[in-house]
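A.B. asks: Now for the letters of each chain:
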Amino acid sequence: MRRIFVLLVFSLVLIPRWASADDRLNVVTTIETLADLSQRVGGEKVTVQSLSHGYQDPHYVEAKPSLAVALHRADVVVRVGLDLEIGWLPILVTESRNGNIQPGQLGDIDASTFIEVLDIPTTQVTRAMGDIHPRGNPHFWIPPVNAVRIAKGISERLKQLRPGDKAYFDGQFDKFLADIKRKASQWDGEAKPLAGLKIVTYHKSWSYVSRWLKLQEDGYVEIKPGIPPSPDHPLRLISLMKAEKVSALLMEDYYNRGIAEEVASQTGAKLIPMASDVGARTEIRTYFDLVDAILRNLNGAHR
Amino acid sequence: MGARIRSLIKIFAAATLAGWPFAASAQRNSAIDAGRAVRAAAPDAGVPSAESPLSEQLEAAARGQAAPASAAADGGTPSTEPSLSEQLDAAAGKPVPSAGVPAAASPQIASRGSFQSLNPDIAVIATGAAGFSQRAPLLLAGDDPDLKGSLTEHSAGITLQELELAFQSIVDPYFRADVFLTIPNLNGLEVEEAFLTTTSLPALQVKAGVFRSAFGRQNGMHLHVQDFVERPLINAAYLGTDGLRPPGAQLSWLLPFPFFLQLMGEVFSITAPDVPPPGSYPHLPSFGGGQRTDLTYAGELKLFLPPSESVSIFGGLNVATGVSPGLVQGDATIHQGARTILYGVDLYVKYKPPNQAVTYFSLAWTTEYFLRRIGSTATEDGLTDGGLYTQLVMQIARRWFVGLRQDLLGVPSSDLQPLTSRTTLDLTFYPSEFSKLRGSVQYDAVDSQAAIIQQLALPHVNNFAAYIQFEVAIGAHGAHKF
Chain D
1 MRRIFVLLVF
11 SLVLIPRWAS
21 ADDRLNVVTT
31 IETLADLSQR
41 VGGEKVTVQS
51 LSHGYQDPHY
61 VEAKPSLAVA
71 LHRADVVVRV
81 GLDLEIGWLP
91 ILVTESRNGN
101 IQPGQLGDID
111 ASTFIEVLDI
121 PTTQVTRAMG
131 DIHPRGNPHF
141 WIPPVNAVRI
151 AKGISERLKQ
161 LRPGDKAYFD
171 GQFDKFLADI
181 KRKASQWDGE
191 AKPLAGLKIV
201 TYHKSWSYVS
211 RWLKLQEDGY
221 VEIKPGIPPS
231 PDHPLRLISL
241 MKAEKVSALL
251 MEDYYNRGIA
261 EEVASQTGAK
271 LIPMASDVGA
281 RTEIRTYFDL
291 VDAILRNLNG
301 AHR
Chain Y
1 MGARIRSLIK
11 IFAAATLAGW
21 PFAASAQRNS
31 AIDAGRAVRA
41 AAPDAGVPSA
51 ESPLSEQLEA
61 AARGQAAPAS
71 AAADGGTPST
81 EPSLSEQLDA
91 AAGKPVPSAG
101 VPAAASPQIA
111 SRGSFQSLNP
121 DIAVIATGAA
131 GFSQRAPLLL
141 AGDDPDLKGS
151 LTEHSAGITL
161 QELELAFQSI
171 VDPYFRADVF
181 LTIPNLNGLE
191 VEEAFLTTTS
201 LPALQVKAGV
211 FRSAFGRQNG
221 MHLHVQDFVE
231 RPLINAAYLG
241 TDGLRPPGAQ
251 LSWLLPFPFF
261 LQLMGEVFSI
271 TAPDVPPPGS
281 YPHLPSFGGG
291 QRTDLTYAGE
301 LKLFLPPSES
311 VSIFGGLNVA
321 TGVSPGLVQG
331 DATIHQGART
341 ILYGVDLYVK
351 YKPPNQAVTY
361 FSLAWTTEYF
371 LRRIGSTATE
381 DGLTDGGLYT
391 QLVMQIARRW
401 FVGLRQDLLG
411 VPSSDLQPLT
421 SRTTLDLTFY
431 PSEFSKLRGS
441 VQYDAVDSQA
451 AIIQQLALPH
461 VNNFAAYIQF
471 EVAIGAHGAH
481 KF
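Note that the protein sequences, when read in sequence, are chains D and Y.
The first sequence: position 84 = 84 (our numbering), numbered continuously.
The second sequence: position 90 = 90 (our numbering), numbered continuously.
Keep in mind that the hints are not guaranteed to be accurate.
[To be verified] Here are the simulated DSSO-like cross-link-like pairs (lysine-lysine), alpha carbons at most 30 Å apart as the crow flies:
no., chain 1, residue 1, chain 2, residue 2
1, D, Lys64, Y, Lys94
2, Y, Lys350, D, Lys64
3, Y, Lys94, D, Lys214
4, Y, Lys481, D, Lys64
5, D, Lys192, D, Lys175
6, Y, Lys350, D, Lys159
7, D, Lys181, D, Lys159
8, D, Lys45, D, Lys64
9, D, Lys159, D, Lys183
10, D, Lys192, D, Lys214
11, D, Lys45, Y, Lys94
[Said to hold, decoys possible] Ranges between beta-carbon positions, derived for each pair:
no., chain 1, residue 1, chain 2, residue 2, range
12, Y, Ser308, D, Asp232, 55 to 61 Å
13, Y, Val349, D, Leu240, 43 to 49 Å
14, Y, Asn187, D, Gln160, 33 to 39 Å
No lab work stands behind these hints: they were computed from the structure.
Where a beta carbon is used, it is the ideal one built from N, C-alpha and C, also for glycine.
Chain Y with its partners taken away, still in its complex shape (with noise of 0.2 Å):
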C-alpha cells in the first residue's frame, strides 16, 4: 500500500515537473518585476534624476536591474539616502526637513496596473467522471455520474458529470447575484440556482430567485465541494432528483446574539417531477404535488458553536412541508394530492487546528438524518420513512484527504421505502486549490426480501461500483460556506 502511494506521488510529481516551462516564465515575469520594483523605489529613494551614462545602464540591464535604483542600491549615492524616520515623516505626509525626501507623500496607487472590469466574476467548474457499475444505482441526483445504464446490466464508461458556469457580482449597495448554470451529465442546460441576496438589511437578509434550499447540510452544497463523487442517498430520496432547488424566497434572521444562531424561513413554488420511465425504481417525491396555490414552507434553525479554536460544532434543525405529487403505479397513482411533512436533523464536527505547521491533520464528521412523513388521504393511509448518511473526512496530508460514508434508507423503512445501505470509501488529491482527482468505491446493499426490491427482478440486487472523478475550476469563483 505504502509502495503504490509512493508510485502515485511519483506520477504527480512527474506531471507537476511537466508544467516547468511555465515556471521559467513565472521566474522570468519575477525578474520583471523586481526590475520595475527597484525601479518604482527610485523616486521614493530621492535619487538623482540625471540619466546614467549609456554604458552603466548596459551594465545594469545585464545584472538585471534599472540603473537608476542600481546605483542605489550598491550605495552609489549613499549621503542622499533618507534616514527611516524621515522616511516615516513623509508617509505620514509631516513636513520633512531633508531635501533628500520628495514632498509626495501619498504612493502612487494611480500607478498601478490593474485593470478594471465591472463585469461579474466568471468561474467554469468541469467535472469529469470514469466508472463501472454492476447495475445503475436505484436513485441517482442529477448531478451523481451518470453511466446510462439500466437496473438490469452491467455499466461502464466516461462521463462528464457536470459543468457548471458561474456569474458572481455585486449589484450595488443594496444587493448582490449569484447566477449558477449547470449541465449535468451532459442532458442541458439547467439554472442551479440565479438569486439576489440582499447585503444592507439589518439582521436580515432576503435571498430570492432560484437557490439550494438550507433545508440540512448538504443540499446547498454544489457538487464541486461534495467529499464524495456521489451525493448522499437523501438528497434524491427525499429532497428530489436535483435536490431541493426550486424557485422561492428566504428571509434569514441572525439573532442578537453573540454566538451564531439562524433562524430561516423559506417559500417555494415546485413544479411536480417528471414521470420516471416504466421500468425504473419506483421512488415516491415529497414535493410538487397539489394545486398551483399549494407552495412548499421550509423553516431551518442552524447553530454553530466553536468549542475551541480547533473544533467547531454546526448543526441544524429543518423542517419543510408541501404537497406530494404521488406515485404512477399501473393505472393509479398513489399518495397524489397528500401532504409531506419532512423533518431534518444535521450535525457537522470538524477538528482543524489553525497552525498548519503544527500538522495538516484535520478530521470532519457530518451526519444528516430526514423523516418523512405522508399524511392520509380520503383513499389511502399515510406513510412514514426515514433514512440518514454519516461520513467521516480525514485529511492525511496538505493535499491528500480520505472519506468514509455510510448511507443508509429505511430508518423506519416503508412500503416505498425498503431498507438500504450504501458504503462509499474514497480517496482525493488536490494538485492545486483548482484542480482534484479522487477515486472512489462503493457499495449497495438492498433488502432482497421487500416487495418493491422483488417487483423488480434485480439480477444484482446489491451492487459493487467504483469511480474516478477529476475537477478543474478556472476563472474567479468565490469563496466556499463553512
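Same shape as in the complex, but just chain D (with noise of 0.2 Å):
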C-alpha cells in the first residue's frame, strides 16, 4: 500500500504539465472580449483562451469540467467581475485546483477594478428587484476608455508576472493604444450624431455604452433584471415609448427576440439586434470589429 503511495506521488512529480511545453504565459478569459484585449497586450508572450463565446449569455455559462481542466492549466484569469460570472466562474476556479489563480492571487485579473463602475445601487438591495449585481453593472468592456484602461491593466498585470518581458508587454500596449487611437476621430465622427437617441434595451446591459454615446434610455424590456416580463409590462413600455418617441430597440443576440419584436413592431422603434461581445457573429473577430459593428447597427437605426 506504502509503496503504491510512493509510486502514485513520484508519477505526479515526473508527468509533465501538458501546457509547460513552452515559456508563454497561459491566460483564460471569461468572455471573447477579454481574451481578444489580452492577446493585444501579450503579443507573442501569451497563449489565450476564453470559457465562453460572444454568442453565449455571460451570466448562464455551464460550470463544464471541460472549462475546470483549461483552468487548471492557466497562469492567469482574466473575469469581468462584478458577479457576472458568480453563477459558473467561482466553482470551477476551485475545481481547478490551481494555486495561480484562486481569487487575489496575482494571477487573478478583476476587470471590474480598472473602470469606474456604473449603476451601483444606494439604497438596500433586495431580490424583489430581481437578479441585479449589488455591486454594479458588470457590462462595462464596451466603451473604448474602458477598453484602454482594462489593456492597461492587465498589461500591469503581466509585467507583474514576467518582470523580465516588462519592454516587450510596455511595446504590445503602446501599439494597442496607437491602434485604438486610430480608430478614434472615425468613432467620434460616428458616435456624434447618435447623441440624444432615445432608445429602450432588453437588459440593463448598455448604461456604459449609452454614457458614452450619450444615448437616453427610456426604459427596459426586462421589468427587473434576469425576469422575464411578465404580461402588462410590455403594454406600459409601449406606451412609454410612443410618449417618447424612443426609437430604437436594442437587445443582445442572445435573448429570445419574441417580445421585443412585439414591443418593436407595435411602437414603430426599429429593433436591433446587438452585439455585446467579440465572438457573438463570425465577422466579429476583434475588439475594433465589435466597437464598428455596434456603431454601424445604431447609426442604421437613427437614419
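Take the two lone chains and join them into the complex the hints point to.
C.D. replies: In C-alpha cells:
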C-alpha cells in the first residue's frame, strides 16, 4: 500500500504538465472581448483562451468540467467581475485546484477594478428587484476608454508576472493604444449623430455605451434583471415608448426576440440586434470589429 | 391541457404583478443611479467646477439629473469636451495635451460604495412539500418529504422537507471551507456537510471533514439541485438513508490530460445507522458495521467529454467497500460483519445549445446503476443485489422543466431486495433563479410474491403518491457543479 502511494506521488512529480511545453503565459478569460484585449497586450508571450463565446449569455455559462481543465493549466484568469460570472466561475476555479488563479492571487485579474463602475445601487438591494448586481453594472467592456483601462490593467499584471518582459509588454500596450487612437476619430464621427438618441434596451446592459454615446435610455423590456417580462409590462412600455418617441430597441443576440419584436412593431421603434462581445457573430473577430459593428448598427437605426 | 397551462401561466403572471411596487422602487433606484452616474461623469468630462445658479440646479433636479452634468449633456459646454483620442490617452495614463482632460487617469475605485465584509456567504434554502400517499414509502431518504404515515394507512400532509443553512468562504490562500447544516422534515439540526478543500496543491485536491461522497452522481448533490421531489431509490437502499456523507477525507487527482479525467480516493468513518422501529420495511445497510477500526473506503473515476458545444457526456466508475452492520430479524442479526463491496456506474448526457436565442430547449439524461455484493460470514452465505434509475429532464421553455424517472430496485433481486419499480413524472417552474415550484406524481410497484413483502401484509402493495414542492433560496449561495 505504502509502495503504491510512493509511486503515485512520484508519477505526479514526473509527469510533466501538458501546458508547460513552452514558456508563454497561459491566459484564460471568461469572455472573448477580454481574450482579444489580453492577446493584444500579451502578444507572442501569451496564449489566450476564452471560457465562453460571444454568442452566449455570460450570466449563464455551464460550469463544464472541461472548463476546469482549462483553468487548471492557466497562469492567469481574466474575468469581468462584479458578480457577472458568479453562477459558474467560482466553482470552476475551486475545481481547477490551481493556486495561481485563486481569488486575490497575482494570476486573478478582475477587470472591473480598472474601470469606473456604473449603476451601483445606493439604496438597500433586495432580490425583489430581480437578479441585480449589487456591486454595480458588469456590462462595461465596450466603450473604448474602458477597453484601454482594462488593457492597461492586464498589461501591468503581465509585467508583474514576467518582470523580464516588461519592455515587451509596454511596447504591446503602446501599439494597442496607437491602434485604438487611429480608430478614435472615426468613432467620434460615428458617435456624434447618436447623441440624444432615445432607446429602450432589453437588459440593463448598455449603461456604459449609453453614457459614452450620450444615448437616452427610456426603459427596459425586462421589468427586472434576469426575470422575463410579465404580460402587462410590455403594454406599459409600449405606451411609454410611444409618448417618448423612442426610436430604437437594443437587445443582445442571445435573448429571445419574441417580446422585443412585438414591442418594436407596435411602437415603430426599430429593433436592433446588438453584438455585445467579440465572437457574437462570425464577422466580429476583434474588439475593433465589435465597436465598429455597434456604431454601424446604431447609426443604421438612426436613419 | 394547453388551456390548463395557459391558466397556470396567468396565475404566475398575477403573482409577478403582485410585486410591482418593488419594481417602482427599483426604477426609482435606477433613476437615482443614473443621476449618480451623470454626477460621476462630471469630473471626467472636464466641466468647470463653478457651481450652477440655484435656478438651474432646480430645473435639473426636476428633470431628474444633476446640474453640472446636465449642462454637458445638453451641449452647454461643448468646447471643453475632450475628443475620444484624448480620453483614451488619459485612460492609458499618458500625458494629455488638452487642458480639458484631467491628469488623474485611474478611475475612482476607492469611491465605490460597496461594503466589505469578511463574513462567509450565508444562504438559507427552504424546501416545503405537501403530498398524498396511499402508504408510506418502503424506503425514505432523510431529505425526502416525510408525511409521517405508516405502511398500512393513507397519509396526506404538509412538511418542511428541508431547511438548509449554508456558510461558505475562502479561509486563506490555501483552503476554502463549506458548512451546510440541515433540518430535514423538522427532525432536528444535522451537519449535512462541513469540510475544507485545498485550493493550491498541484494537481491534487484534499477534502476533509463531513462531506457527500463522490460515489455516483446523485449522492453528491444537495436536495435543492435534485430534479425530482424524492431522491432515487438506490441512494437510500445502498448508500444509507442520508446518503453517503460521513466524516472522512478525500484525495482527488486531476490527471494530466487535455480532457477531464479525475481519480478520487476516499476514506470514511461510519457509525452504524439507528435500528429502524419494528414493523418498518427491513433494509440491510451497506456500511457502518464491524469494529471502530473498520473504515469504509471508496474510489471513483470521473470522465468528462464534450463531443460538441451542445453535448456533454459525464461518466463515472465507482467502488466502495466496508462492513455491513447487519439486519435485525427477530432475535437474530443477519449478515452482521459481512464485507460489503458496492460497485457503481453513472452516466450523464446533456444536450443544451449554448445560444439561448435559438432555443431554451435542453435535454439531460442521467442513469446510475449500483451492484452490491454482501460477503459470506461464518454462518451465512453472501448475497448480491442491485438497482438503477434512469431519468430524462427536458427544458421546454425558459423557466419550465418536465422530468420522467424510472427507478428499479432488485436487478438482480435477493431475499432482502425484491423487485421494486417507481415511476415518477414531474413538472417544475422556476419563477426566478431563487425560487421553484414543482408538481410530481409517482407510482410504486412491488413484487407482491416476495417473502419480505408478504410478511409486511401491506393493504396497498403498490403505491400512488403525489407531491407539490416549493423552494426558496435567500442569501448568497455558491454555484453548483455540472
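A.B. asks: Each hint: holds or not?
C.D. replies: So, going through the hints one by one against the coordinates:
For the suggested pair D/Lys64 and Y/Lys94, the alpha carbons sit about 41 Å apart, so the restraint of at most 30 Å is broken. Simply put, Y/Lys350 and D/Lys64 have alpha-carbon atoms about 11 Å apart, close enough for the 30 Å limit, and the pair holds. A hinted pair counts as satisfied when its Cα atoms are at most 30 Å apart, and Y/Lys94 with D/Lys214 qualifies at roughly 25 Å. At most 30 Å may separate the alpha-carbon atoms for a hinted pair to count; Y/Lys481 and D/Lys64 meet this at roughly 8 Å.
Between the alpha carbons of D/Lys192 and D/Lys175 the distance comes to roughly 26 Å, so the proposed pair stays at or under 30 Å and holds. Of the supplied pair hints, the one linking Y/Lys350 and D/Lys159 is violated, its CA atoms being roughly 41 Å apart against a limit of 30 Å. Of the supplied pair hints, the one linking D/Lys181 and D/Lys159 holds, its CA atoms being roughly 23 Å apart against a limit of 30 Å. A hinted pair counts as satisfied when its Cα atoms are at most 30 Å apart, and D/Lys45 with D/Lys64 qualifies at roughly 28 Å.
Simply put, D/Lys159 and D/Lys183 have alpha-carbon atoms about 26 Å apart, close enough for the 30 Å limit, and the pair holds. For the given pair, D/Lys192 sits about 9 Å from D/Lys214 by alpha-carbon distance, which is consistent with the 30 Å threshold. In summary, the hint linking D/Lys45 to Y/Lys94 is supported, as the alpha carbons are separated by about 24 Å, within the 30 Å threshold. One distance hint, 55 to 61 Å for the beta-carbon pair Y/Ser308 and D/Asp232, is violated here, with the actual separation near 40 Å.
Checked against the given bound of 43 to 49 Å, the beta carbons of Y/Val349 and D/Leu240, roughly 46 Å apart, stay inside it. Evaluation of the 33 to 39 Å hint for Y/Asn187 and D/Gln160 yields a failure: the beta carbon distance comes to about 53 Å.
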